[in-house]
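Visitor: Given the coordinates of chain F, assemble chain P onto it according to the supplied hints.
Chains as they are written, first to last, in the numbering used here: chain F, 1 to 153; chain P, 1001 to 1318.
Since the hints were made in silico from the structure, they are not lab data. A virtual CB, placed ideally from N, CA and C, is assigned to each residue, including glycine. Incorrect hints may have been included.
With a straight-line cut-off of 35 Å between C-alpha atoms, the simulated DSBU-like cross-links for lysine-lysine are [as the list claims (entries may be wrong)]:
1. K1156/P with K1208/P
2. K133/F with K22/F
3. K63/F with K1292/P
4. K63/F with K1033/P
5. K105/F with K1156/P
6. K1190/P with K1014/P
7. K1208/P with K1227/P
8. K1029/P with K65/F
9. K1033/P with K27/F
10. K133/F with K1227/P
11. K1161/P with K132/F
12. K73/F with K133/F
13. K1310/P with K1188/P
14. K1033/P with K133/F
15. K1119/P with K1284/P
16. K1119/P with K1129/P
17. K65/F with K147/F
18. K65/F with K1187/P
19. K1187/P with K1014/P
20. K1272/P with K1227/P
21. K105/F with K148/F
22. K65/F with K1041/P
23. K27/F with K1161/P
24. K105/F with K1227/P
25. K1037/P with K66/F
26. K1130/P with K147/F
27. K1156/P with K149/F
28. K1037/P with K1129/P
29. K133/F with K1024/P
30. K86/F with K18/F
31. K147/F with K1272/P
32. K22/F with K52/F
33. K1234/P with K1158/P
34. K1310/P with K1234/P
35. K148/F with K1161/P
36. K73/F with K1056/P
Cβ pair distances, simulated, as ranges [to be verified]:
37. S69/F with D1160/P: 24 to 32 Å
38. L1094/P with L88/F: 49 to 57 Å
39. A29/F with S1092/P: 39 to 47 Å
40. D1160/P with E134/F: 26 to 34 Å
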Amino acid sequence: MNERLIQNLHNSLKYELKAGTKGSFYKVAGQSGILPERLNWGIFAQKKVSVKDSFKLNEINAKYKKNESGAYKGLNNGSIHTSIWKPLPEYPEFYGYGILDERAKIFDLLIIYSENVCSSTFEIHIFKGMGKKEYLEEAFRYLRNYKKKKPHF
Amino acid sequence: MNLDYIEVAKFLNKDSLNFHYLDKEASFKGADKYFFKGCRKLEVWHYSNTNLLKIKGSLPYFINGHNFFSSLEDWAEGLDYLSSCLNTNVYSGLVECFEFGTIQEIPFSEELFLRNHIKLPGTGYREYKKGEILTGKEFINSSLKVKIYDASRNIKNKLDKPIQDEISRLYGWDRTRHYIKIENHYKKPKAYFRGNVYLNELLASSFKKQLQEHLISTYQSIMKTGKLTLPEKKADLNAGTLPLLILKELEGIYPFKTEDLLKAKIKAISDKILSPDDKKARMKILRENLKKITNQGKSEYDISELLQAKIKQEIESG
Chain F
1 MNERLIQNLH NSLKYELKAG TKGSFYKVAG QSGILPERLN WGIFAQKKVS
51 VKDSFKLNEI NAKYKKNESG AYKGLNNGSI HTSIWKPLPE YPEFYGYGIL
101 DERAKIFDLL IIYSENVCSS TFEIHIFKGM GKKEYLEEAF RYLRNYKKKK
151 PHF
Chain P
1001 MNLDYIEVAK FLNKDSLNFH YLDKEASFKG ADKYFFKGCR KLEVWHYSNT
1051 NLLKIKGSLP YFINGHNFFS SLEDWAEGLD YLSSCLNTNV YSGLVECFEF
1101 GTIQEIPFSE ELFLRNHIKL PGTGYREYKK GEILTGKEFI NSSLKVKIYD
1151 ASRNIKNKLD KPIQDEISRL YGWDRTRHYI KIENHYKKPK AYFRGNVYLN
1201 ELLASSFKKQ LQEHLISTYQ SIMKTGKLTL PEKKADLNAG TLPLLILKEL
1251 EGIYPFKTED LLKAKIKAIS DKILSPDDKK ARMKILRENL KKITNQGKSE
1301 YDISELLQAK IKQEIESG
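The shape of chain F in the complex, shown without the other chains:
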């Protein structure tokens, strides 16, 4: 896919851990009206012993507030959920990736980047419609170059 198109499908947000909480992150940078301002970070469901789950690193769960608008608010009564999986092996600098929201036949790719293993801040890079196997490599490659070009946030 053309890099310019990927650039137009890309959006980035930054979240920061709220002091005194274990996994409550608030948006501190990036466009409003995409993901909820507050995200829960952590695995709350019981992890199964399966090959698939061995790639699972974390989960994002959140709910839009009543007065909050968002790209996914119309799905699942304003609740969003995605598992975060290990990144492609060639791109270990990224924490992982998730897809929002396959259940609703939406395939937005979320790539997570953090300088502190998501302990206090992380970036979510959203790639509209690229949450499919055939686009993963391109999105990771684009993001690596994007991160190299100039500092963001």
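Guide: Okay, now just chain P, sitting in the frame of chain F:
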């Protein structure tokens, strides 16, 4: 040479369109208009009563941000992405209209090119100007619109600097040189290709060959001026020769002979004003002036050879 603007229609029957990636722009009776954002927007129409989907726009602009060139692979990537996001196979859509054309570098100014392409038999005509400058022409009939326009102006005015840099790097565009766009806009593909055209068919390389050939043949059918060689000596370019030059140019387009018209005009003048000897003398001068003008047969602004070379190059490079 590549496809550009397109309109595709598809009945979704019992399938549902995925609206998540669409931004609603307007609602009309029975139809909603959305746009789908890429490098540029595509229009997406949904007619809820019939569950009909229509996609309109320039796919090269959507996927690349420009229409300087786009390959069939670019199209496939863009359409795969659209199909995936809209949750429908757009390849089986019916092509309602489309454009096929090319941007060609020319060795003279764009305006000179446009001024010397004057008529396409069997079509109406419209020209576009920016102030006094001629920027484009369209030759139109009920099923086809042939467009020729100043592509350099579009690139400089409509595209951002990074995109201009990209087309320089990838395709050798040079802002100091001259470029023209020649395009066939098929308003009714069904009429031209004797039956419905579906998007998957349009993207076949055999179809592209047909479109290339048709682009060349329509271009060649455009009547051109610039077939005359100007006298080289200043003395031969007197005030009496200049109108004759224009008349001789028009001979290529309209069914008349300059010499016959002049003869008839002189003959019609009363003998009281011009005696038969005066008439002979004037006709002699006109003939002498006409002799200074030579017809080289082909317009110096005809770029058929450049277009043919481009097709050859595209075939060779696969």
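Visitor: Taking the hints in turn, state whether each one holds.
Guide: Do the hints match the structure? See the list:
| no. | hint | in the structure |
| --- | --- | --- |
| 1 | K1156/P with K1208/P | holds (28 Å) |
| 2 | K133/F with K22/F | holds (32 Å) |
| 3 | K63/F with K1292/P | violated (86 Å) |
| 4 | K63/F with K1033/P | holds (30 Å) |
| 5 | K105/F with K1156/P | violated (40 Å) |
| 6 | K1190/P with K1014/P | holds (26 Å) |
| 7 | K1208/P with K1227/P | holds (32 Å) |
| 8 | K1029/P with K65/F | holds (34 Å) |
| 9 | K1033/P with K27/F | holds (32 Å) |
| 10 | K133/F with K1227/P | violated (59 Å) |
| 11 | K1161/P with K132/F | holds (32 Å) |
| 12 | K73/F with K133/F | holds (25 Å) |
| 13 | K1310/P with K1188/P | holds (27 Å) |
| 14 | K1033/P with K133/F | holds (30 Å) |
| 15 | K1119/P with K1284/P | holds (33 Å) |
| 16 | K1119/P with K1129/P | holds (17 Å) |
| 17 | K65/F with K147/F | holds (31 Å) |
| 18 | K65/F with K1187/P | violated (49 Å) |
| 19 | K1187/P with K1014/P | holds (29 Å) |
| 20 | K1272/P with K1227/P | violated (39 Å) |
| 21 | K105/F with K148/F | holds (32 Å) |
| 22 | K65/F with K1041/P | holds (30 Å) |
| 23 | K27/F with K1161/P | holds (33 Å) |
| 24 | K105/F with K1227/P | violated (62 Å) |
| 25 | K1037/P with K66/F | holds (27 Å) |
| 26 | K1130/P with K147/F | violated (43 Å) |
| 27 | K1156/P with K149/F | holds (26 Å) |
| 28 | K1037/P with K1129/P | holds (30 Å) |
| 29 | K133/F with K1024/P | holds (29 Å) |
| 30 | K86/F with K18/F | holds (25 Å) |
| 31 | K147/F with K1272/P | violated (91 Å) |
| 32 | K22/F with K52/F | holds (26 Å) |
| 33 | K1234/P with K1158/P | violated (43 Å) |
| 34 | K1310/P with K1234/P | violated (39 Å) |
| 35 | K148/F with K1161/P | holds (22 Å) |
| 36 | K73/F with K1056/P | holds (28 Å) |
| 37 | S69/F with D1160/P: 24 to 32 Å | holds (29 Å) |
| 38 | L1094/P with L88/F: 49 to 57 Å | violated (39 Å) |
| 39 | A29/F with S1092/P: 39 to 47 Å | holds (43 Å) |
| 40 | D1160/P with E134/F: 26 to 34 Å | holds (28 Å) |
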